[in-house]
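Visitor: Single-letter residue listing:
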Amino acid sequence: MMNFIGALPGAISQGLIWGIMAIGVYITYKILDIADLTVDGSFCTGGAVFVVLFGKGVNIWLALLAALLAGMLTGLATGLLHTVCGIPAILAGILTQLGLWSINLAVMGMTSNVAINLLDKENMERLLVCSRFLRNYALYRHPIFVAGLFTAGLIAILYWFFGTELGASLRATGTNQHMARAQGINTQYNKVLGLVISNGLVALSGALLSQYQGFADASMGKGAIVIGLAAVIIGEVLFSRLFQNFALKLLGVSLGGVVYYVVIQAVVSFSNINANYLKLISAAIVAVFLTVPYWQEKYFSKTVKPARKGGSNNA
Amino acid sequence: MLEVKNIYKTFNPGTVNEKTALRGVSLTLNDGDFVTVIGGNGAGKSTLLNAVAGVWPVDSGSISIGGVDVTHLPEHKRARHIGRVFQDPMMGTAATMQIEENMALAARRGRGRTLRRGITRDERDHYREMLKILDLGLEDRLTSKVGLLSGGQRQALTLLMATLRKPQLLLLDEHTAALDPKTAAKVLDATERIVQKDHLTTLMITHNMKDAIVHGNRLIMMYEGNIALDISGEDKKKLTVEQLLAKFGQATGSDEADDKLLLG
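Protein chains in written order, with our numbering: chain Y, 1 to 315; chain U, 316 to 579.
Warning: the hint list may mix true and false statements.
To be verified - With a Cα cut of at most 27 Å, we get these calculated DSS-like pairs of lysine-lysine: (1) U:Lys-512 to U:Lys-552; (2) U:Lys-460 to Y:Lys-249; (3) Y:Lys-298 to U:Lys-460; (4) Y:Lys-30 to U:Lys-460; (5) U:Lys-512 to U:Lys-551; (6) U:Lys-481 to U:Lys-320; (7) U:Lys-497 to U:Lys-447.
To be verified - Just some of the chain Y residues that point at chain U, by a computed CB distance under 10 Å: (8) Leu-166; (9) Ile-185; (10) Gln-188; (11) Ala-284.
Just so you know, the hints here were simulated from the structure itself, not pulled from any lab data.
Ideal Cβ placement from N, Cα and C applies to all residues, glycine included.
Start from the sequences and build out the full structure, keeping to the hints where you can.
Guide: Structural data, given as structure tokens:
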């Protein structure tokens, strides 16, 4: 139990960082209605670009910006494969993801792992979030606080953006393409734009995680899409009645990421399960959460139909 | 206003499902023409409208609207000139968005989408006034999600959205076909009022011959991918269903008209 409580701040911090990636997934999966598998690659792209630049002594904000832009480029690649080349969105994402495996390794100098030098105290102090800041540091440097601040800032920007003419046209594109085009909206352009924004966020999240854990790893994004979906779904199931406003929905996704990590931490703390089984558990959780609404619709919503029997009193 | 010249369209060419839907259709609409379009299933009515709207490119021929050649423009660019209402009430609106958001999207048809606010306070008041015209109680539900509305309400809203910015051409694709008779009459009534008020050049497909005769100043009947009949002026005003059927028989040498059209 003490073990679990001790690990909680770390789990929450990680949950918040992954939550930013989940918000990226929300944009493609929920708003654009595209399952974008690019994220498994672009998450690492963000981490790799950040760690390499940071290691070269680049200003941390510039390094973060570079990670964000690199992620946006990966989204652009998937978007163009989908719209210009006519490749189905899922496959386009898979192609980019596969290609990114090589690119990520190249960015990291053809090694699968690049660490941030944490032994150099001055170097470590330059970081924004780091698991070492969990203890013995001022409150404003606590990873929960910093990651929370990032999340709040990003939600504010996205809330503003999706309220603009362009943002609204992006939502319309995801909801009804026929309607969107009939209203003069360039749906192809909007899909690319959505993928660009989404993967930018994913890469930013990857950059923050690599700071937090002190390294970037070629396989750090493996299964990211599943974690993102888990956060989106958990957020929806737990908070959908409470959070109707768009900004709150995004907050729900972020909290979904936190819940996910706390649950995973609980599984690790209270059982002797081999950590290698965590991906299986994640996959199972997401499968179940995706199944439930479908089955509810299919098998438990028949009460509506018999009402029509016996005449058209309500017609 | 609209000039369609000799357009052809074949779907699934070179396959067993090959179907030539338009065979050299030419049609000119004058400013303010309200043309009703009838014809049996597969006659090419919807295909003609979709060709004008730019849902896909035509195989040959040309289309111009208000003197602008739009033959090679994609659908979303042609939308600058065109207002549309679809047969399926679900198609014309974004279900997960609010009524006012849908209208705000329509109000920006044909303009660039910028980073300005998606909807302003002034607009809201304006939309509320416009919704009153429909007389469906929607003016009090500006922030309701469109998905909560009935098919008739959605169709009426789509109509309003299509004409919010005066279109050079209004395309109505059997827009009352999926509605119950009472709602259909209401939507058709609103259509008539809006078209008259703004003198909109309109192309309206209908499956109902009576509606086709009552509404508009011109009637065209399609048969096997071409225009078989084109009646306007005094002839149109005096037209009856029987005459229409007889004329159709003369024009095509077919007596299919009766069952196909009356049932279809």
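Visitor: Now, for every hint given, state plainly whether the structure supports it.
Guide: Outcome of the hint check:
1. For the given pair, U:Lys-512 sits about 20 Å from U:Lys-552 by alpha-carbon distance, which is consistent with the 27 Å threshold.
2. With a C-alpha separation of about 16 Å, the suggested pairing of U:Lys-460 with Y:Lys-249 holds against the 27 Å cut-off.
3. Straight-line distance between C-alpha atoms of Y:Lys-298 and U:Lys-460 comes to about 24 Å, which keeps the hinted pair within the 27 Å bound.
4. Restraint check for Y:Lys-30 and U:Lys-460: satisfied, since their Cα atoms lie roughly 16 Å apart, inside the 27 Å limit.
5. Distance check on the hinted pair: U:Lys-512 and U:Lys-551 sit about 21 Å apart at the alpha-carbon level, within 27 Å; holds.
6. At roughly 25 Å between alpha-carbon atoms, U:Lys-481 and U:Lys-320 fall within 27 Å of each other, so this suggested pair holds.
7. For the hint linking U:Lys-497 to U:Lys-447, the alpha-carbon distance of about 19 Å falls within 27 Å, and the restraint holds.
8. With its C-beta approaching chain U no nearer than about 4 Å, Y:Leu-166 sits inside the 10 Å limit, and its interface hint holds.
9. Hint status for Y:Ile-185: holds, given a least beta-carbon distance of 6 Å to chain U, under 10 Å.
10. At a threshold of 10 Å, the smallest CB-CB gap from Y:Gln-188 to chain U is about 9 Å, leaving the interface hint in force.
11. Violation of the interface hint for Y:Ala-284 is found here, the shortest Cβ-Cβ separation to chain U being roughly 29 Å, above the 10 Å cut-off.
Of the numbered hints listed earlier, the single one contradicted by the structure is hint 11.
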